[in-house]
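Visitor: Protein sequences, first through last, are from chains X and B.
Using the working numbering, the first residue of the first sequence is number 11, and each one after it goes up by one.
Using the working numbering, the first residue of the second sequence is number 462, and each one after it goes up by one.
A couple of the hints might just be wrong.
As the list claims (entries may be wrong) - Pulled a few chain B residues facing chain X out of the computed Cβ check, cut under 8 Å: (1) 487; (2) 495; (3) 497; (4) 498; (5) 499; (6) 502; (7) 503; (8) 516; (9) 517; (10) 560.
By construction, these hints were calculated from the structure, which means they are not laboratory data.
Note that CB positions come from ideal geometry on N, CA and C, so glycine has one too.
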Amino acid sequence: MRELIDSEGVSRGLRRVAGQIVERQRGAEGLVLIGVRRGGEPLTREIARWIRELESREVPVGSVDITLYRDDAATALPNPRIGPSQVPCSLEGKRVVLVDDVVFTGRTVRAAIDALMDYGRPRRIELAALVDRGGRELPVQPDYVVLTTQVGPDDRIDVLDEPGGIRAVVRPSGSPSVAPAP
Amino acid sequence: MTEKRLRHLTSVHDLDREMALRVLDTAEAFLEVTRRPIRKVPTLRGKTIINAFFEASTRTRTSFELAGKRLGADVVNIGGSSSSTSKGETLRDTVATLDAMHADVIVIRHVASGAADYIRHRTRAAIVNGGDGMHEHPTQALLDAFTMRRHTGRLEGLTVAICGDIQHSRVARSNALLLSLLGAKVRLAGPRTLLPHDVAALGAESFSRIEPALEGADVVMVLRIQQERLGSALLPTLREYARYYGLNRARLALAKPGAIVMHPGPMNRGVEINDDIADGERSVILNQVESGVAVRMAVLYFCATEPGQPIGSE
Numbered sequence: 011m012r013e014l015i016d017s018e019g020v021s022r023g024l025r026r027v028a029g030q031i032v033e034r035q036r037g038a039e040g041l042v043l044i045g046v047r048r049g050g051e052p053l054t055r056e057i058a059r060w061i062r063e064l065e066s067r068e069v070p071v072g073s074v075d076i077t078l079y080r081d082d083a084a085t086a087l088p089n090p091r092i093g094p095s096q097v098p099c100s101l102e103g104k105r106v107v108l109v110d111d112v113v114f115t116g117r118t119v120r121a122a123i124d125a126l127m128d129y130g131r132p133r134r135i136e137l138a139a140l141v142d143r144g145g146r147e148l149p150v151q152p153d154y155v156v157l158t159t160q161v162g163p164d165d166r167i168d169v170l171d172e173p174g175g176i177r178a179v180v181r182p183s184g185s186p187s188v189a190p191a192p
Numbered sequence: 462m463t464e465k466r467l468r469h470l471t472s473v474h475d476l477d478r479e480m481a482l483r484v485l486d487t488a489e490a491f492l493e494v495t496r497r498p499i500r501k502v503p504t505l506r507g508k509t510i511i512n513a514f515f516e517a518s519t520r521t522r523t524s525f526e527l528a529g530k531r532l533g534a535d536v537v538n539i540g541g542s543s544s545s546t547s548k549g550e551t552l553r554d555t556v557a558t559l560d561a562m563h564a565d566v567i568v569i570r571h572v573a574s575g576a577a578d579y580i581r582h583r584t585r586a587a588i589v590n591g592g593d594g595m596h597e598h599p600t601q602a603l604l605d606a607f608t609m610r611r612h613t614g615r616l617e618g619l620t621v622a623i624c625g626d627i628q629h630s631r632v633a634r635s636n637a638l639l640l641s642l643l644g645a646k647v648r649l650a651g652p653r654t655l656l657p658h659d660v661a662a663l664g665a666e667s668f669s670r671i672e673p674a675l676e677g678a679d680v681v682m683v684l685r686i687q688q689e690r691l692g693s694a695l696l697p698t699l700r701e702y703a704r705y706y707g708l709n710r711a712r713l714a715l716a717k718p719g720a721i722v723m724h725p726g727p728m729n730r731g732v733e734i735n736d737d738i739a740d741g742e743r744s745v746i747l748n749q750v751e752s753g754v755a756v757r758m759a760v761l762y763f764c765a766t767e768p769g770q771p772i773g774s775e
């Protein structure tokens, strides 16, 4: 197990991402942050906190569960646990920033975009991620990334939300996960 | 390690405590789906669900149909006079035909007790029991438990009084089995002629008068009096039944303050339940209907996502 990015690095990186999100459209007008359950949720809260600091305004925050939208939903999953999606408002005409912890194949992002569309037609959807690990199987690219890295195809990246802050670790293939059970 | 899966649901006995709670928790997520602007997810896209309803039903059939459609599956309804059963085809042949069309799930409603169990060993499709004779109605029990949990916050330790024709009621049977599995105390109340002998096997207590069963209950569930039992030795008249067993304001006052009132429908107003109770603020009868779609989505989801096994491999 190797630390990929410590909590200080995560915090600084998310502040930068918050700044970029605001800068791109000159403000936070019509902005909604949606985390991909469950890894994206703590990151979404952090980004919202930094935007509040920068712009002195509250940004609506929500989450989507993508289990029902997976392209392998009907075959590959042994009884997955489906969590509720919490979308705070209609997404019709909104600027949505989708937040996930790790972008890998792009399939999760594809599913999350489908899920968002069921809450209205957003004006635009952007993607923010803590870690971009490459290995894409679909044409999906994040707009905002804290860290880009290359790891082995079977290595795991776990993002840990701990009392001391959020950090990411790499686990070589075959080693047991220490990520908290869902 | 593979987790346990729900292959068929023909009886509450197909569930253990963990799986039952799993279905209820998953139904919470589906309830959210049914309240969205777009009430549909693509999860079962390309799957085929056949509703084979050989006995009259409006709410259960519609509920299963909507549940399947909201999961993105193709849903086909057959049954009654429009099906080949009216031309003399046996249940076994009808089901074999549906199976040959590669149905993933067959939901069956039939007058014969045990019909669902009979066909589950003769198909590749997953079988869900939508009510078979006087045997079971497991999705009704799940949606009732789901509704109770949402309104009272728990199931463990809950006291549930089920009142009416217990003997002939698949709803009562399935509810008693499921609720006792989930830690609730079940009281079955009705005229002595309409109480089953195997109450203890259902994990319940029985009462031949309604009042003691209602005392201190958290949930009062009233069953429909089936008109076809009337006039027999079992049940002389509706008026007599209403007088001694009908749920009215005075009787409901015996239950806990804030106790909820349930009915699986269709109701005979003025017989087993009075208008002011059915439409009163403690009635959750329409919530049961709403829950029904979400719970059936969860059941179909678990049964349809099991890859089909070749016949004979089980």
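Visitor: Have a go at the residue 517 of chain B hint: is there a Cβ in chain X nearer than 8 Å to its own Cβ?
Guide: violated (32 Å)
Visitor: Does residue 498 of chain B hold up as a contact with chain X if the rule is Cβ-Cβ below 8 Å?
Guide: holds (7 Å)
Visitor: Hint validation: residue 502 of chain B versus chain X, beta carbon distance must be below 8 Å. Holds or violated?
Guide: holds (4 Å)
Visitor: Would the stated hint for residue 487 of chain B survive a check requiring a Cβ distance to chain X of less than 8 Å?
Guide: holds (5 Å)
Visitor: Would the stated hint for residue 497 of chain B survive a check requiring a Cβ distance to chain X of less than 8 Å?
Guide: holds (6 Å)
Visitor: Identify whether the interface hint at residue 503 of chain B stands, where standing means a beta carbon of chain X within less than 8 Å of its own.
Guide: holds (6 Å)
Visitor: Given residue 516 of chain B was flagged as interface, is its beta-carbon under 8 Å from a beta-carbon of chain X?
Guide: violated (30 Å)
Visitor: Given residue 499 of chain B was flagged as interface, is its beta-carbon under 8 Å from a beta-carbon of chain X?
Guide: The hint holds - residue 499 of chain B has a Cβ within 8 Å of chain X, the shortest such distance being about 4 Å.
Visitor: The hint names residue 495 of chain B as touching chain X; please verify it with the least Cβ-Cβ distance against 8 Å.
Guide: The hint is violated - residue 495 of chain B has no Cβ within 8 Å of chain X, the shortest such distance being about 12 Å.
Visitor: So, as I understand it, the hint says residue 560 of chain B touches chain X; can you test that by seeing if any CB pair is closer than 8 Å?
Guide: violated (19 Å)
When each numbered hint is compared with the structure, violations occur for hints 2, 8, 9, 10.
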